[in-house]
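Listed in order, the protein sequences are those of chains A and B. First residue of the first sequence? That's 1 in my numbering, and the numbers climb one at a time after it. First residue of the second sequence? That's 1 in my numbering, and the numbers climb one at a time after it.
If you're looking for bench data, these hints aren't it; they were derived computationally from the structure. Please read these numbers as outputs of a predicted model, since none were measured by experiment. By construction, the Cβ of each residue, glycine as well, lies at the ideal position given by its N, Cα and C atoms. Don't take each hint at face value.
Quick look at which bits of chain A chain B covers, simulated, 3 or more residues with Cβ under 8 Å [stated by the list, open to error]:
id : stretch
1  : 15 to 21
2  : 67 to 80
Chain B side only, calculated, beta carbon under 7 Å to chain A, not exhaustive [said to hold, decoys possible]:
id : residue
3  : L43
4  : L45
5  : S69
6  : F90
7  : D105
8  : F109
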Amino acid sequence: DQQVKQNSPSLSVQEGRISILNCDYTNSMFDYFLWYKKYPAEGPTFLISISSIKDKNEDGRFTVFLNKSAKHLSLHIVPSQPGDSAVYFCAASGFVGNSGYALNFGKGTSLLVTP
Amino acid sequence: DAGITQSPRHKVTETGTPVTLRCHQTENHRYMYWYRQDPGHGLRLIHYSYGVKDTDKGEVSDGYSVSRSKTEDFLLTLESATSSQTSVYFCAISGTSGPEGFRTDTQYFGPGTRLTVL
Chain A
1 DQQVKQNSPS LSVQEGRISI LNCDYTNSMF DYFLWYKKYP AEGPTFLISI SSIKDKNEDG
61 RFTVFLNKSA KHLSLHIVPS QPGDSAVYFC AASGFVGNSG YALNFGKGTS LLVTP
Chain B
1 DAGITQSPRH KVTETGTPVT LRCHQTENHR YMYWYRQDPG HGLRLIHYSY GVKDTDKGEV
61 SDGYSVSRSK TEDFLLTLES ATSSQTSVYF CAISGTSGPE GFRTDTQYFG PGTRLTVL
């Protein structure tokens with residue numbers, strides 16, 4: 001059962017505008033959330049994260065917002081650039097098995113930034 | 001970038017043959033993971049390791065085994081490959097050589113291995 005959901009498989013945004021990628025989760029035990037960016041034929045690259053004790057984290061053009069009551073987080077990219085075109089994965093951290101934390105990933109959203 | 005390499009980067013094999021994928025890290029990180037990525041599924045955890053000789057199952061572990069005899073190497077083995085195991089496999093690492101119980105959730109990924117089972 002998918003515990004992390006990205007309901008938009010794709011998103012197209014004009015260069016210079018804001019890109020908003022959304023993510024929902026179902027497990028209230030998740031307390032650390034991450035966004036990864038992935039280009040074709042490469043591994044996912046860590047982008048930004050947020051702990052559940054915060055509601056916002058900013059890093060340059062990237063801001064992640066967390067709404068714990070709604071179990072929802074979003075990634076804002078401002079301004080969007082053509083190089084931001086990639087697949088973005090939302091992930092939530094949960095404890096697994098013996099003293100380990102594993103990431104639960106959404107299915108990804110493919111962002112296309114057009115000139 | 002984290003020092004993670006995967007080998008081979010591409011492999012084509014036949015159903016029923018054994019396959020071993022290798023993940024090597026130079027970061028001395030405690031935790032290592034194997035994921036597979038398939039269209040429509042995102043990344044799914046196969047197995048993970050929380051130390052040398054310490055491994056555990058993930059979400060999709062059936063048909064896979066792992067071994068970790070050294071901190072830097074984590075091997076994923078398909079004992080008898082099937083077509084359903086055609087996928088892109090990613091290794092990831094997290095953590096440092098810090099104190100016991102230190103939580104380190106951010107994972108860093110290798111470049112991936114594309115495996116095709118005919």
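We went through each hint and held it up to the structure:
Residues of the stretch 15 to 21 of chain A lying with their CB closer than 8 Å to a CB of chain B number 0, which falls below the three-residue condition for coverage. Remark: the stretch 67 to 80 of chain A is not confirmed as covered by chain B, as 0 of its residues place a Cβ nearer than 8 Å to a Cβ of that chain, below the required three. Nearest Cβ of chain A to the Cβ of L43 (chain B): about 4 Å, under the 7 Å cut. The hint holds. Hint status for L45 (chain B): holds, given a least beta-carbon distance of 5 Å to chain A, under 7 Å.
Hint on S69 (chain B) is violated. Least Cβ distance to chain A is approximately 18 Å, over the 7 Å limit. At about 6 Å, the closest approach between the beta carbon of F90 (chain B) and any beta carbon in chain A falls short of 7 Å, and the interface hint on this residue holds. For D105 (chain B), the shortest C-beta to C-beta distance to chain A is roughly 4 Å, which falls under 7 Å, so the interface hint holds. Annotation: interface hint on F109 (chain B) holds; nearest CB of chain A at approximately 4 Å, less than 7 Å.
Consistency note: the structure conflicts with the earlier hints numbered 1, 2 and 5.
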